[in-house]
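Colleague: Read off the chains here:
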Amino acid sequence: MRSLLVIIALGFSMAIMISVPAGIVANQETTQNLNAYYNKAVSQMEQQLTLITCTNSSSSTSSSSGGSFPGGGSIIGFARLGGQTIYMNESIVMAAISKISGVDAIAPKIEVGEGWTTKTLTSRFNGITFTFNASSYTVEGVPLNSSLIDNYSILPTNITAGRNLQQGDTGVVVLSQNNTHYFGGVGVGGEVKINETNFKVVGVHAEAGSLLFMGGQGSDVGTLYMNITNAQAATGHTGEISELDVYAKNSSTTLVNAIANDISTDFPTFHVTTELDQLQRTEDIYNSTVAADNISQMQTVAFQEIIVSILATCLIVLFVMMYTVRERTREIGTLKAIGFSNWNVMSQFILEGILLSLAAGIVGIGIGIVAAPTLSGLLLPLSSPFARNTSGSGGTGFGVGGAGYVVRGTPSATALVGNATPVLGPELMLLALAGAIVLGALGSLYPAWRASRTRPAEAMRYE
Amino acid sequence: MSEVILKTEGLSKTFVMGKRKISALSGLNLQVNKGEFIAIMGPSGSGKTTLLNVLGCLDKPTSGKAILDNVDVAKLPENKLCEIRRNKIGFIFQTFNLLPYLNAIENVELPMETTKKSNSERKKRAHELLELVGLSGREEHRPQRLSAGEQQRVAIARALANDPAIVLADEPTGNLDTKNKFEIVRLLGKLNIDQGTTIIMVTHDGQIATHTERVLLLNDGKITKERQGILLTKKKLMCPYCGGKIHPSDERCPSCKKRL
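Sequences listed follow chains A and B, in order. Just so we're on the same page, my numbering is the position in the first sequence counted from 1, plus 3. Just so we're on the same page, my numbering is the position in the second sequence counted from 1, plus 5.
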């Protein structure tokens, strides 16, 4: 009964010893899965479609550079945090880009900040007060063309009420959850007024952040989707665009880069990113921040925990064997009286220590099989590299989903690849048994030595 | 003249208890011939157990010689002593000292664990010994399922495992009821007659001591008296009471019916 309790206690210690590495292994597996997923996504993309996004947002120091693009479309820019958005003539840009070979489809878009209010901010350092304009919501005009809607991801993805936009929609909007309050809590079927134009609300979507923006952009300034023509008219940018998605079909990375290069040459002010760039950047950020930090931190914690559980195992074996040796003094005396040498006695007790911890090792493996995920979850607070993610909308997870396109706000990568569950593989089990043997021998070394030193004449008198 | 198996010369053992010195053995001289069955009696504190411990190489004498099978064990280092204990001495204890988690035959095999005997040899020998002590068929029983007398029989079988030159029994009947006491001492007598085993038995029970060949009285670490036991008369096949003819296995004299 007592030895059973000891074995169970030891078993727990050993279960911890093996569950922690199991957690680490699972983590590495998750990372690998993620990388594999990424690679798969890239190869799929190369085979199917490639998105090239062009936004025309110049840096804050080059507000005049907008004038240099060919065709000299009208430029209306206004301040945005960190830069200016430059609006270009839609037909000129479309005509120029559609001529580039390899381009399959173009989705012109317009993004305009609206609901401007003046905000003041007092510096905490020198007391100087800044006054600046800030927009309350963003109007996003997208082309409601069925071939674009069907084949590419241009509409909001997470509709929470009503319906999404569809071909031929005019005078209607899909509101963001984030800006319903700005329009007085309006819902589906209600109306919103943008500048002087009224629009009917047909749906509400939930904003999802992306890792690239850490959820910042969409968190309080929601995006309102509507027909591009409506958006141009309502915002006073008739015939103008601020952004366009260019799709290349059946194209290789080389071709995508060539197209991106052509666009950059034609429109030097465009900020051109390919989907591959985004994926790459996403992965870089993942590797450099989330994963590297977590994994190294986790490995430190794991290392400490493994050391502690090794010490605990050794100490338990030590104390139990000390107790056993003391309790069995007479037996040791008897063994010596019938001709056991010091070494015979010592090896006998070391063997017992090994058997004890081996039994505990088997119990530990049993516990580990059942409870490794729980244990490693408890012991490794950052067991998942995505522990900070609340997967799904609003999370900071990055999307590598969809049929090979970057779709902002898709469920996080964790949801897509899944976190690997800590599982005790055969290697870990063997390692646990080997560890049990070593620790059992180590822990019983001193008690066994004490046993071997027992003087038989005195041991016989011991009660 | 029979062969001397054990001889002590001026054997002394002094224990130091704080500042006091206690002399347990003081110049003890003893000679035991091969095939003898000797009882050592004496009041408590007379040095019986100390003598047995020194003879059994469990303790070292302070001075004097203890020559066992032509080797002076008083001067041997510990690693040699353990070989002597293994090969030349068989121990029987008052409390049997069987290992509770081993069954009868495993307990008997235990002293052979540290020898070069093969597994099958050990098994065979252990079976023979258990048969010799009358425990055939009880091989698989653990000590807790055996009676006290049976446990001591297993212990006797264990003591004989390595064919010792001498068997040392420390109060072997001390924990037994009257019936079992006599059974055990007769078993020892039978082994002595049939197998020629040399036995030194420490006891404080006079009746038990009488069942040996020679009874030595120990007092203050010295042998002070010596008398004959019944076993000697059995060996001479003569009843000590009526002088009639007896057989060694007889419990009572066939002529005068007195208990032997």
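A hint or two may mislead.
Pair by pair, the computed Cβ-Cβ distance ranges are [to be verified]:
#1 A/Leu314 to B/Gly211: 56 to 62 angstroms
#2 A/Leu358 to B/Ser141: 27 to 33 angstroms
#3 B/Asp199 to A/Tyr449: 31 to 37 angstroms
#4 B/Lys24 to A/Leu314: 43 to 49 angstroms
#5 A/Glu461 to B/Asp182: 39 to 45 angstroms
#6 B/Asn34 to A/Arg5: 30 to 36 angstroms
#7 A/Phe306 to B/His146: 19 to 25 angstroms
#8 A/Phe322 to B/Asp199: 48 to 54 angstroms
#9 A/Glu461 to B/Lys26: 17 to 23 angstroms
Treat the hints as calculated values from the structure; they're not laboratory data. We put the CB at the ideal spot given by N, CA and C, even for glycine.
Colleague: So, for every hint listed, does it hold in this structure?
Modeller: Outcome of the hint check:
1. One distance hint, 56 to 62 angstroms for the beta-carbon pair A/Leu314 and B/Gly211, holds here, with the actual separation near 60 angstroms.
2. Between A/Leu358 and B/Ser141 the C-beta distance comes to about 32 angstroms, which sits within the given range of 27 to 33 angstroms.
3. For B/Asp199 and A/Tyr449, the hinted distance range of 31 to 37 angstroms is not satisfied, since their beta carbons lie about 47 angstroms from each other.
4. A hinted range of 43 to 49 angstroms for the beta carbons of B/Lys24 and A/Leu314 is consistent with their spacing of about 44 angstroms.
5. A beta carbon spacing of about 30 angstroms between A/Glu461 and B/Asp182 contradicts the range 39 to 45 angstroms that was offered as a hint.
6. Look at B/Asn34 against A/Arg5: about 50 angstroms separates their beta carbons, and that is not inside 30 to 36 angstroms.
7. Here the CB-CB span from A/Phe306 to B/His146 is close to 52 angstroms, at odds with the stated 19 to 25 angstroms.
8. Roughly 50 angstroms separates the CB atoms of A/Phe322 and B/Asp199, a value that falls within the hinted 48 to 54 angstroms.
9. For A/Glu461 and B/Lys26, the Cβ-Cβ distance of about 18 angstroms falls inside the hinted range of 17 to 23 angstroms, so the restraint holds.
Checked against the numbered hints given earlier, this structure breaks hints 3, 5, 6, 7; the rest are met.
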